Amino acid sequence: MKPLLPLTAILALCGSSAAFAANLNIPMSFEYIALDGKEIETSLFNHKSELELSQGTHKIAIRYNDLVEDDFSDSETNYKSSPFVITLKVDGDYEYHMKPAEGDYLRHPAKFAKSPQVVVSREDSGSVNYQVTQTNITEESFVSRLFSGNSATDIDVEAAVATGGTAAA
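The numbering of the sequence shown is the numbering used here, which starts it at 1082 and goes up by one.
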């Protein structure tokens, strides 16, 4: 019986340390790019909608990226924004939710992609200390790179740099 008590205490401590992490949830029409200078691996088939955050201030690069059905044809148009950086101060074990700011972004996705406005809230309706910074990082098309002779801009690397990382060699 005595060996069971220390084992139970150790398991309780290990379990409680994982409980002190906050989560940031984003809608399907957004994608994570970088967190505190490190790229976040995502793919076309694997949407990461939740990010675990420790206490402290974090810089998170996110981009609006959505396929919207065209009103005039059966095709879809892909709308992408430049990455924007959310500086979020996490001060507890909370569920944070990011969503588009009030407005009709679904009816005007091209306008929204030019300057996405978002709101971060907490599940318990507490106050959230955050700031949104727009960047001007853009992806060049293949054709424009072909005629200009420029090398391709890696938007993920640029976003990681914008969140506090250093440029990769």
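It is possible that some hints are incorrect.
Capping the alpha-carbon separation at 20 Å, the derived lysine to aspartate or glutamate pairs in EDC-like fashion look like this [stated by the list, open to error]:
no., residue 1, residue 2
1, Lys1140, Asp1185
2, Lys1180, Asp1152
3, Lys1170, Asp1147
4, Lys1140, Glu1122
5, Lys1180, Asp1155
Restraint-style ranges between C-beta atoms, simulated for each label pair [claimed, not checked]:
no., residue 1, residue 2, range
6, Thr1214, Asp1155, 15 to 23 Å
7, Asp1205, Glu1150, 17 to 25 Å
8, Gln1136, Lys1192, 35 to 43 Å
9, Asp1155, Ser1208, 28 to 36 Å
Just so you know, the hints here were simulated from the structure itself, not pulled from any lab data.
Note that the structure is a prediction, hence the values are computed from the model and not measured.
Virtual Cβ for every residue (Gly too), placed ideally from N, Cα, C.
Here's how the hints hold up against the structure:
Distance hint between Lys1140 and Asp1185 is unfulfilled; the C-alpha atoms sit about 27 Å from each other, more than 20 Å. As the CA atoms of Lys1180 and Asp1152 are separated by approximately 24 Å, the hinted pair breaks the 20 Å bound. The suggested pairing of Lys1170 with Asp1147 is violated, with an alpha-carbon distance near 27 Å, which exceeds 20 Å. For the given pair, Lys1140 sits about 16 Å from Glu1122 by alpha-carbon distance, which is consistent with the 20 Å threshold.
As the CA atoms of Lys1180 and Asp1155 are separated by approximately 28 Å, the hinted pair breaks the 20 Å bound. For Thr1214 and Asp1155, the hinted distance range of 15 to 23 Å is not satisfied, since their beta carbons lie about 38 Å from each other. Separated by about 36 Å at the C-beta atoms, Asp1205 and Glu1150 break the suggested range of 17 to 25 Å. Between Gln1136 and Lys1192 the beta carbon distance is about 36 Å. The supplied range of 35 to 43 Å therefore holds.
Taking the beta carbon of each, Asp1155 and Ser1208 are about 45 Å apart, not inside 28 to 36 Å as hinted.
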